[in-house]
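Peer 1: The chain contents come next:
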Amino acid sequence: MGSRLHDIAGESARRRAFEVAAQVPDPEVPVLTIGDLGVLRDVRIASDGTVEVDITPTYTGCPAMAVFTMDIETALLAEGFGKVRVNTVLSPAWTTDWLSEDAREKLRAYGIAPPAGKASRRALFGDDEVACPRCGSHDTEKVSEFGSTACKALWRCRSCAEPFDYFKCH
Amino acid sequence: MTTTDRTADLFAYTLRLADDAAILGQRLGEWCGHAPTLEEDIGLANIALDHIGQARALYTYAGEVEGEGRDEDQLCFLRPERQFNNCLLVEQPNGDFAETILRQFFFSAFMLPLWRELKASKDETLAAIAAKAEKEAAYHLRHSAEWTIRLGDGTTESHERAQAAVDHLWPYTGELFEVDGVVERLAAAGIAVDPASLRDEWHATLREVLDEATLRLPPDGWFQTGGRSGRHSESFGHLLSEMQYMQRAWPGLRW
Chain A
226 MGSRLHDIAG ESARRRAFEV AAQVPDPEVP VLTIGDLGVL RDVRIASDGT VEVDITPTYT
286 GCPAMAVFTM DIETALLAEG FGKVRVNTVL SPAWTTDWLS EDAREKLRAY GIAPPAGKAS
346 RRALFGDDEV ACPRCGSHDT EKVSEFGSTA CKALWRCRSC AEPFDYFKCH
Chain B
2 MTTTDRTADL FAYTLRLADD AAILGQRLGE WCGHAPTLEE DIGLANIALD HIGQARALYT
62 YAGEVEGEGR DEDQLCFLRP ERQFNNCLLV EQPNGDFAET ILRQFFFSAF MLPLWRELKA
122 SKDETLAAIA AKAEKEAAYH LRHSAEWTIR LGDGTTESHE RAQAAVDHLW PYTGELFEVD
182 GVVERLAAAG IAVDPASLRD EWHATLREVL DEATLRLPPD GWFQTGGRSG RHSESFGHLL
242 SEMQYMQRAW PGLRW
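Note that the protein sequences, when read in sequence, are chains A and B.
With our numbering applied, the first sequence corresponds to residues 226 to 395, in that order.
With our numbering applied, the second sequence corresponds to residues 2 to 256, in that order.
Hints listed in this document are in silico derivations from the structure and should not be mistaken for laboratory results.
Keep in mind that the hints are not guaranteed to be accurate.
[To be verified] With a cut-off of at most 16 Å between alpha-carbon atoms, the simulated EDC-like pairs for lysine to aspartate or glutamate come out as follows: (1) A:Lys-377 <-> B:Asp-124; (2) A:Lys-367 <-> A:Glu-354; (3) A:Lys-331 <-> A:Glu-253; (4) A:Lys-377 <-> A:Asp-390; (5) A:Lys-377 <-> B:Asp-42; (6) A:Lys-308 <-> A:Asp-279; (7) A:Lys-308 <-> A:Asp-273; (8) A:Lys-367 <-> B:Asp-195; (9) A:Lys-367 <-> B:Glu-41; (10) A:Lys-377 <-> B:Glu-40; (11) A:Lys-367 <-> B:Glu-147; (12) A:Lys-377 <-> A:Glu-354.
Just chain B, same shape as in the assembly (with noise of 0.2 Å):
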């Protein structure tokens, strides 16, 4: 392998985090001023901030493996819609509080395994990155499964639209465990983690806690792809027109 396709994976993989990052950050703060409780707002708000902490740092490094001198507000923000490859999850849109939260445990029961391994990545920043990512979504991970639980558990309308938020994002969390040339190349190498090492884990995760939620997991069937080719779904561009507007509007802007 030259180092030029190595420098390619290892954009492309950095990419992907951060995209997934920023684009569950801006999910996120759509919810600011509109949570169903005070605490929640700034629960929902402080969750976007970790989040959109990370893609910072990830978009940066991706900007720096690059070599093209593009930083992090260019590669957010300057991006078209098929370059992007964060998965479908992430972009599904807010639903009511039960989606949002099923999105979020769904992810955290993820990521948590997945900043915990990359901690040994070979990749130097990835590894720095992933050791602080790790303790935010300890953290994200506790509080929507505690959320999971009260909805799943709460009253008859509550575990209805907990239920059905499981069984609306169920098929996209199967493009969490994809694995592309890529991510089989960088994992050979030591630098990425490979997701399906993660899946008996997350399972796990997901079985203790919609048990205690008496919610029910769907079975595994057909899944929805696309994202990290750039395929995206419907509300995708419209996300990105409202997160892109000011370096659209105004090229260059900085605070």
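With the rest of the complex left out, here is chain A (with noise of 0.2 Å):
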């Protein structure tokens, strides 16, 4: 009895612990939080209380990881967890698949169009069909296949000629 009554208190705990990292906003894209985009994978507390966060990089180089694990150490602390460890894991590889629909809103009211189509289907040329975040039109033209971080393109739309990034497909 005295052990299942320890297993429900540590799986609330760690239920807690998922949310709070889970919040943790990205850097570069401050509206999406880890959790949506899928680079919170896993979170378990050890037998001695230390918090196991797993995160999984979006690009191998993104430099956000490092900020990423500086964040999530310091939401967990400020709220209560003593010790915290962050690990990077490779596999699955991340993918703009799991962005939600929710998340891919989100993007698009921050002005950053969401990625378009399925991240496996895609030739050596030929280019995704993007919407203009700001109107909505589909006449746009990629300026840059790389913009401001390594997970976005930087495009332009033709029918209100704003530039604006594009969340690569990946």
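Two chains, each in its own frame: build the complex with the hints.
Peer 2: So, in structure tokens, the structure goes:
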């Protein structure tokens, strides 16, 4: 009986830790949390009380990973968790397919076009069809394959003439 | 085969992949602030970042396999020239923009199928790194292929420079397909990819893009070799002196 109570308490602490970690915002796309992005993969509580957090990088060289780690530690420590360890896991490989409809809507509202189509289907050439996040027009063109961060490309709308970031399909 | 031999092979193989990625990342980083346009400056820096990210994961794993406590920084910044086993192609100086683009195109056209096949490796960590790197390589290939076409089928000047880059870099591509004992044993064990199996696909990619770019593929002739056994070109020591400066000057420095 004692053991079961202990399990229940442990599970509730684990869930709380997960919720706290999931709310950490992406430093480069602050409208999305690491929960929205699918960067947060797992949270466990070890027998000595250490919170073990697994995160996965969007791009292998993504400089935001170091900030994620620090922010997760800070958020959990502030919530009273004593010890935190953040691990990086590579498999399964992160994909933009994990972005929820809700997350895509948040991106659009923030002025970033969400990834179009499935990550698995990309030809050597040929572009995605990207809708302008401001006016919704599909009459858009790519300015550069690379943008302000590893996960974005630079596009321009031919209808409203606004340049915009496109969250690359990956 | 003993476990020790397998460990030594896996360490050597992982380190080669890491060295290829790190050195190309370093070369591309030299463009930062100097590329022909702002978009391309950001583009080359982004590609560099992908390669450095791949190198970090591979160096970290190589250190674990070796089991002697070396981490990514020690492997990247504290080994001398003769202990680097990257292929000669990736260390070639940036040259002009055409040379940088063609170097990237030849390499990415090889790495895309390599990462794809390595996803099926019996080594779980290599397979996991490959799954991420494959997507990045697809993007690098597309970017460098588009530029190859634009330069080759562009002005007389850009065509001449692109063709000169193809001709100059060609002798360094043979090394990509070299097989030695390490690769042979690991490929037989389902851990490494036999590069010879990628040759047809690599050639087909090159032909498709170079044809459209109106560029001529040189005939297979004499190929340079030596990188995989630590014999590098003249410029390599200079690259290392810049790349390793911080760790040499302040040993153990961390961010």
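Peer 1: For every hint, state whether the structure bears it out.
Peer 2: Here is what the structure says about each hint:
| no. | hint | in the structure |
| --- | --- | --- |
| 1 | A:Lys-377 <-> B:Asp-124 | 31 Å, violated |
| 2 | A:Lys-367 <-> A:Glu-354 | 10 Å, holds |
| 3 | A:Lys-331 <-> A:Glu-253 | 14 Å, holds |
| 4 | A:Lys-377 <-> A:Asp-390 | 6 Å, holds |
| 5 | A:Lys-377 <-> B:Asp-42 | 15 Å, holds |
| 6 | A:Lys-308 <-> A:Asp-279 | 14 Å, holds |
| 7 | A:Lys-308 <-> A:Asp-273 | 9 Å, holds |
| 8 | A:Lys-367 <-> B:Asp-195 | 37 Å, violated |
| 9 | A:Lys-367 <-> B:Glu-41 | 13 Å, holds |
| 10 | A:Lys-377 <-> B:Glu-40 | 12 Å, holds |
| 11 | A:Lys-367 <-> B:Glu-147 | 13 Å, holds |
| 12 | A:Lys-377 <-> A:Glu-354 | 15 Å, holds |
In summary, the structure is inconsistent with hints 1 and 8 from the numbered list given earlier, while agreeing with the others.
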